[in-house]
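A.B. asks: Sequence:
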Amino acid sequence: MLLKNSEGDSSVTPLPPAECKYLVWTSYNGLGNHILTLASAFLYSLLTGRVMLVDRGKDLTALFCEPFPDATWLVPTNFPVDFQVFESKNNQSYGNMLRYGKISIASSGVVTGPPLPFIYVHMTYRYDNNDKRFFCEPDQEFLVRMPWMVLKADNYFVPALFLNRMFEPELSRLFPDKETVFHHMSRYLFHPSDTVWGMITRYYQSYLSMGREKLGIQIRIFNKDESPLDLVADQAINCTLREGLLPPVALDRPIVSANLNNTKVVLIASLHSQFSDRIRNMYWEHPNKGGAVVSVHQPSHEEWQQTGSENHDLKAWAEIYLLSFADVLVTSTGSTFGYIAQGLAGIRPWILVRPYGGKMPEPACMRETSMDPCFHSPPWYDCKSCKSFSDPGKEISYVTHCRDVPDGIKLVGRTD
Numbered sequence: 001m002l003l004k005n006s007e008g009d010s011s012v013t014p015l016p017p018a019e020c021k022y023l024v025w026t027s028y029n030g031l032g033n034h035i036l037t038l039a040s041a042f043l044y045s046l047l048t049g050r051v052m053l054v055d056r057g058k059d060l061t062a063l064f065c066e067p068f069p070d071a072t073w074l075v076p077t078n079f080p081v082d083f084q085v086f087e088s089k090n091n092q093s094y095g096n097m098l099r100y101g102k103i104s105i106a107s108s109g110v111v112t113g114p115p116l117p118f119i120y121v122h123m124t125y126r127y128d129n130n131d132k133r134f135f136c137e138p139d140q141e142f143l144v145r146m147p148w149m150v151l152k153a154d155n156y157f158v159p160a161l162f163l164n165r166m167f168e169p170e171l172s173r174l175f176p177d178k179e180t181v182f183h184h185m186s187r188y189l190f191h192p193s194d195t196v197w198g199m200i201t202r203y204y205q206s207y208l209s210m211g212r213e214k215l216g217i218q219i220r221i222f223n224k225d226e227s228p229l230d231l232v233a234d235q236a237i238n239c240t241l242r243e244g245l246l247p248p249v250a251l252d253r254p255i256v257s258a259n260l261n262n263t264k265v266v267l268i269a270s271l272h273s274q275f276s277d278r279i280r281n282m283y284w285e286h287p288n289k290g291g292a293v294v295s296v297h298q299p300s301h302e303e304w305q306q307t308g309s310e311n312h313d314l315k316a317w318a319e320i321y322l323l324s325f326a327d328v329l330v331t332s333t334g335s336t337f338g339y340i341a342q343g344l345a346g347i348r349p350w351i352l353v354r355p356y357g358g359k360m361p362e363p364a365c366m367r368e369t370s371m372d373p374c375f376h377s378p379p380w381y382d383c384k385s386c387k388s389f390s391d392p393g394k395e396i397s398y399v400t401h402c403r404d405v406p407d408g409i410k411l412v413g414r415t416d
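For the sequence shown, UniProt numbering gives the first residue as 1, with consecutive numbering after it.
Please note that a few of the clues may not be correct.
What the hints assert, rightly or not - Lysine-lysine pairs mimicking DSS-like chemistry, simulated, CA-CA at most 30 Å apart:
{"id": "1", "residue 1": "Lys-89", "residue 2": "Lys-21"}
{"id": "2", "residue 1": "Lys-102", "residue 2": "Lys-21"}
{"id": "3", "residue 1": "Lys-132", "residue 2": "Lys-21"}
The hints are simulated quantities; they were obtained by calculation from the structure and are not laboratory data.
Owing to the predicted nature of the structure, the values given are computational and were not obtained by experimental measurement.
Take the sequences, apply the hints, and build the full model.
C.D. replies: See below:
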């Protein structure tokens with residue numbers, strides 16, 4: 001029976017390689033997490049020779065076109081498995097099987113266990129050291145033989161795949177320029193549905209197409225007490241003026257001749273309207289010194305994230321794609337929304353440093369080292385000694401710590 005548990009003896013080695021092997025991606029958390037983990041799961045499927053199937057969740061079909069012509073990667077609607085039962089306490093998770101001795105690790109490092117028709121891999125941000133063994137080479141030698149794998153994640157885990165010597169040679173052949181991994185995968189896999197593409201083209205043609213230069217600003221507030229809206233608005237203005245992304249205003253001159261050949265369009269993506277209002281009013285109340293024509297636009301301001309709402313996700317996906325048309329991006333610390341926009345655009349953004357204690361950070365923003373997203377919860381784990389280890393950001397030259405999330409890791413261009 002499909003995905004039925006085995007009751008074989010625990011000393012038996014895994015099943016021989018199946019003719020076809022499958023990975024089923026299951027949805028978890030918000031839209032940004034969906035996109036980043038879909039890309040990660042797809043790359044892992046390529047590396048391990050698996051057919052990838054996608055749990056369609058609530059609104060996946062409304063957001064994206066199928067990436068492969070004349071084929072589908074969606075799990076059939078009559079599939080006889082409820083993927084919502086797979087969570088951290090599930091007995092069939094790889095981490096729990098290690099924890100309770102159903103799968104064992106010999107002193108030589110070899111992983112052994114019963115012949116399993118399927119395995120569940122749990123990789124949300126709360127995963128533990130047993131779950132993190134997914135990234136270890138002996139464990140992958142065991143897992144690669146499982147006919148079916150169900151995976152739930154909310155992190156972009158591609159950087160950790162480069163730390164595995166089984167995968168690194170093929171990954172380096174696929175991606176000589178390491179920071180372009182998500183850029184290439186996102187453009188290959190994630191095509192807006194007709195509904196979303198209509199929203200994108202209508203907005204672009206109406207408000208953005210006339211801009212000689214396009215600046216995208218994406219602002220996400222995770223804690224209003226630590227990061228008050230007015231303070232973050234000041235921060236965004238400080239950043240864009242200091243780095244020359246927006247022209248300074250002429251406070252001492254009531255009129256400056258406008259240069260109609262120098263137009264700058266500013267697209268702001270945020271749940272709140274205060275940021276676009278502040279920048280728009282600044283250029284309404286004062287001329288700018290260069291005479292550039294600055295227009296400020298914000299497609300929506302939903303006020304709060306509505307995870308699982310199809311209408312909310314349609315707008316979010318359209319705004320991510322609109323941001324990717326920008327020449328320069330300013331994004332928020334740790335935001336998956338910004339990661340996807342910069343990856344699609346293929347540019348390194350300026351990152352707004354997250355304020356703490358309601359105080360203005362200095363500097364207000366910093367330049368990102370890479371266009372690739374950050375893996376927020378990497379495995380600080382030594383596979384050989386089965387314990388936490390020093391630093392996954394110092395193993396190889398092109399995997400370093402993230403500037404916005406220091407405990408995370410990300411891919412950068414080669415430094416040698």
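A.B. asks: Each hint needs a verdict: does it hold in this structure or not?
C.D. replies: Verification of the hints:
1. With a C-alpha separation of about 25 Å, the suggested pair Lys-89 and Lys-21 falls inside the 30 Å cut-off, and the hint holds.
2. Annotation: proposed proximity of Lys-102 to Lys-21 holds, straight-line Cα distance about 22 Å (limit 30 Å).
3. For the hint linking Lys-132 to Lys-21, the alpha-carbon distance of about 22 Å falls within 30 Å, and the restraint holds.
Violated hints for the displayed structure: none, as all numbered hints are satisfied.
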